[in-house]
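As given, the protein sequences belong to chains L and U, one line each in that order. Under the numbering used here, the first residue of the first sequence is numbered 6, with each subsequent residue one higher. Under the numbering used here, the first residue of the second sequence is numbered 104, with each subsequent residue one higher.
Hints in this document: simulated from the structure, not taken from any laboratory. None of the values given here were measured: they were computed from a predicted structure. It cannot be assumed that every hint is accurate.
Selected chain L positions facing chain U (in silico; Cβ < 7 angstroms) [stated by the list, open to error]:
#1 62
#2 65
#3 69
#4 72
#5 75
#6 76
Partner residues are not named here, just some residues of chain U that face chain L (Cβ under 7 angstroms, in silico) [as the list claims (entries may be wrong)]:
#7 270
#8 274
#9 308
#10 311
Cβ coordinates follow ideal geometry from the N, Cα and C atoms, glycine included.
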Amino acid sequence: MEPHVVIAAVSIFTAGLTIGIGVLGPSLGEARAAAYALEAIARQPDEANTITRTLFVSLAMIESTAIYCFVVSMILIFANPFWNAVMPKVGG
Amino acid sequence: MEISSDNIVVFTVAGIAVNATIVWTWVVMALLVVASIAATRHLKTDFAPSRWQNFLEALIGEARRQIADVSHHDPGPYMPFVGTLFIFIAVSNLLTVVPGYVPPTASLSTTSALALCVLVAVPLYGIAEGGLLGYLKNYAEPTIFMLPFNIIGEFSRTIALAVRLYGNAMSGVVLATILIAIAPFLFPIVLTLLGLLTGFIQAYIFSVLAMVYIASATRARRGKETSQAQSEPSPAPNQKGTA
Chain L
6 MEPHVVIAAV SIFTAGLTIG IGVLGPSLGE ARAAAYALEA IARQPDEANT
56 ITRTLFVSLA MIESTAIYCF VVSMILIFAN PFWNAVMPKV GG
Chain U
104 MEISSDNIVV FTVAGIAVNA TIVWTWVVMA LLVVASIAAT RHLKTDFAPS
154 RWQNFLEALI GEARRQIADV SHHDPGPYMP FVGTLFIFIA VSNLLTVVPG
204 YVPPTASLST TSALALCVLV AVPLYGIAEG GLLGYLKNYA EPTIFMLPFN
254 IIGEFSRTIA LAVRLYGNAM SGVVLATILI AIAPFLFPIV LTLLGLLTGF
304 IQAYIFSVLA MVYIASATRA RRGKETSQAQ SEPSPAPNQK GTA
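Using the sequences and the hints given, assemble the complete structure.
Here is the structure:
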């Protein structure tokens with residue numbers, strides 16, 4: 006196989022794998038965080054403001070790991086650094 | 104398709120390429136400045152302020168309240184920095200309703216610049232509050248062995264701030280572009296609506312996190328004093344409660 010075919014195949018495959026596996030953990034974590042926050046609000050409705058603010062901040066922290074995976078997969082597909090190494094050879 | 108608006112050159116001035124990110128950042132800045140000047144031009148203290156004054160007062164009042172909630176401290180010194188971060192990011196994310204607009208936050212350059220501002224502002228506020236030695240002592244908390252981890256944490260959280268905002272804003276743009284290609288027209292609109300919500304929440308989160316970092320740098324000294332002051336009278340209400 007030619008190098009650009011290998012790079013394209015591996016990049017697309019890895020991009021799918023990255024976002025697929027990378028989303029598992031954060032989604033479970035966000036679900037737990039949201040569930041416990043709802044429980045806490047149900048127990049103490051007076052503290053809803055503080056709990057909601059903390060929930061948003063922690064959701065953002067948890068979510069950022071999924072965002073990293075998304076950024077990596079986007080880079081693999083749209084801005085692959087290895088692509089440029091073989092591109093001149095293909096073009097020429 | 105371009106993943107970053109940095110690569111879209113709008114026009115060239117004296118050999119310097121001005122890309123879409125810079126142009127839209129200027130547009131957002133100009134909008135904010137003009138709107139602020141127009142709104143604060145005829146400030147009134149009577150019972151019927153103008154709509155814009157009402158809106159701005161509500162916005163600033165809420166921002167001050169949130170900062171006071173997070174920092175347990177007078178929001179005055181933090182308001183210009185954190186409030187500006189919030190308003191700039193919120194406006195640049197919410198303007199995605201305008202067709203053809205590319206949010207400047209969807210470029211890693213903008214978000215890195217904002218995160219670097221936070222990286223610089225945290226020690227500045229910390230030193231202004233507790234002096235140079237008092238701030239540096241934070242790095243050796245709780246023990247001196249945590250020094251390398253505290254320093255790594257300082258940089259990793261800056262990178263996290265930048266990439267989080269970039270990833271969220273960029274994912275909205277990329278998803279809208281992909282969905283327009285495969286499922287026009289209704290579904291992309293719904294997703295854009297969701298993007299407005301996440302954009303606003305991201306603006307809130309960015310500024311709250313900046314405030315939390317500043318507060319953690321400034322509170323270290325104050326926290327010790329207040330905790331010692333509060334630890335002594337606290338048993339009294341407990342005894343009352345149990346008795």
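Evaluation of the provided hints:
no.: 1; hint: 62; verdict: holds (6 angstroms)
no.: 2; hint: 65; verdict: holds (4 angstroms)
no.: 3; hint: 69; verdict: holds (4 angstroms)
no.: 4; hint: 72; verdict: holds (3 angstroms)
no.: 5; hint: 75; verdict: holds (6 angstroms)
no.: 6; hint: 76; verdict: holds (5 angstroms)
no.: 7; hint: 270; verdict: holds (3 angstroms)
no.: 8; hint: 274; verdict: holds (6 angstroms)
no.: 9; hint: 308; verdict: holds (4 angstroms)
no.: 10; hint: 311; verdict: holds (6 angstroms)
Of the hints listed earlier, there is not a single one the structure fails to meet.
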